[in-house]
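Below are the chains, spelled out letter by letter.
Number of protein chains: 2
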Amino acid sequence: MKNLFVVAAALFNEKDQLLLAQRPAGKNLAGFWEFPGGKIEPDESPEDAIIRELSEELNITLSKTDLIPTTFISHTYEQFQLVMPLFVCKKWSGTIKCMENQQIDWVDLYDSRLFDSHPPAPADIRLINFLKKIYKIL
Amino acid sequence: MKNLFVVAAALFNEKDQLLLAQRPAGKNLAGFWEFPGGKIEPDESPEDAIIRELSEELNITLSKTDLIPTTFISHTYEQFQLVMPLFVCKKWSGTIKCMENQQIDWVDLYDSRLFDSHPPAPADIRLINFLKKIYKIL
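Protein chains in written order, with the numbering used here: chain A, 8 to 145; chain B, 8 to 145.
Hints were generated in silico from the structure; no laboratory data involved. Hints should not be assumed to be uniformly reliable.
For identical chains, the list gives no copy identity; a pair is met inside one copy or between any two copies.
[To be verified] Computed cross-link-like contacts, EDC-like style, restricted to lysine to aspartate or glutamate with a CA-CA straight-line distance of at most 16 Å:
(1) K9 - E48
(2) K9 - E51
(3) K9 - D55
(4) K98 - D23
(5) K22 - D112
(6) K104 - E63
(7) K140 - D118
(8) K97 - D115
(9) K34 - E107
(10) K46 - E64
Computed from a prediction, not measured in an experiment: that's the story for all the values here.
Let the sequences and hints guide you as you build the complete structure.
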């Protein structure tokens with residue numbers, strides 16, 4: 008099965024809230040929440056890809072030095088094997104604005120009802136659980 | 008620059024010692040220590056790749072369900088961008104035996120002299136430091 012290399016970011020604001028984005032209607036897994044990000048284009052590093060994606064999606068500018076390589080998942084979907092490294096990022100410039108047709112929300116990583124209020128895309132569940140474990144010691 | 012997708016494993020034995028492998032003479036970065044692993048071939052998942060690599064290199068059999076996706080690095084070498092997910096693995100079957108021309112050693116992750124006794128390949132330094140932080144809560 009073909010690997011699909013996608014990169015994602017866990018943005019945390021100054022209140023330690025995490026940004027999740029909701030997949031828009033019409034897309035695969037519409038309505039589920041996920042980390043913002045997107046496909047790593049050929050000859051583009053994961054860092055370059057997440058910087059480009061978050062500029063396009065959220066109108067913000069990330070700096071390479073603020074990207075903390077944190078964890079990854081490898082998840083088997085029907086059509087492809089998703090391989091997704093996740094950067095944690097606590098600093099950016101610009102004001103977040105949704106440039107694409109999606110909702111975003113700032114959530115509390117430790118909210119016990121998080122998976123009910125913001126059902127995550129299947130691949131993102133493990134990432135959120137991993138962040139819960141390690142966020143405080145990052 | 009071209010991405011090179013490589014997968015690696017942090018094997019821990021029952022004494023919580025970590026296996027490092029020394030790059031053999033003649034290879035790039037000869038003498039430096041690294042996590043065992045290798046290139047992800049096209050249409051091979053990271054899990055399949057690390058299972059194949061550790062069978063070839065160390066003559067052991069890993070099971071997919073024992074592979075814990077833990078962290079990754081993205082490291083710029085002169086010729087390529089190395090993108091390397093790392094699985095932690097504490098169980099395998101078979102007895103470890105070096106099948107290729109390399110030394111291996113079991114080390115203490117928390118040994119303060121580890122980087123002197125076993126100088127890591129540049130890309131592996133961050134992985135070891137990250138493991139030090141999170142190994143006890145994995």
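Are the CA atoms of K9 and E51 at most 16 Å apart within a copy, between copies, both, or neither? between (18 Å within a copy, 7 Å between copies)
Is it within, between, both or neither when you check K140 against D118 at 16 Å Cα-Cα? Only inside one copy: K140 and D118 sit 13 Å apart there, 24 Å across copies, limit 16 Å.
Please sort K9 with D55 into within, between, both or neither, judging by C-alpha distance up to 16 Å. Answer is between; shortest inter-copy Cα gap is 12 Å, intra-copy 22 Å.
Within, between, both or neither, where K98 and D23 count as close if Cα-Cα is 16 Å or less: within (12 Å within a copy, 35 Å between copies)
Alpha-carbon proximity context of K104 and E63, limit 16 Å: Answer is within; shortest intra-copy Cα gap is 10 Å, inter-copy 49 Å.
Treating 16 Å as the Cα threshold, decide for K97 and D115: within, between, both or neither. within (15 Å within a copy, 32 Å between copies)
How would you classify K46 and E64 at a CA-CA limit of 16 Å: within, between, both, or neither? within (13 Å within a copy, 32 Å between copies)
First find the shortest C-alpha distance between K22 and D112 inside one copy, then the shortest across copies, and answer within, between, both or neither for a cut-off of 16 Å. Within one copy only: 13 Å inside a chain, 44 Å across chains, cut-off 16 Å.
At most 16 Å between C-alpha atoms: does K9 with E48 qualify within a copy, between copies, both, or neither? For K9 and E48, the Cα distance is within 16 Å both inside one copy (15 Å) and across copies (10 Å).
Between copies, within a copy, both or neither: which fits K34 and E107 at Cα up to 16 Å? within (12 Å within a copy, 47 Å between copies)
Of the numbered hints stated above, none is contradicted by the structure.
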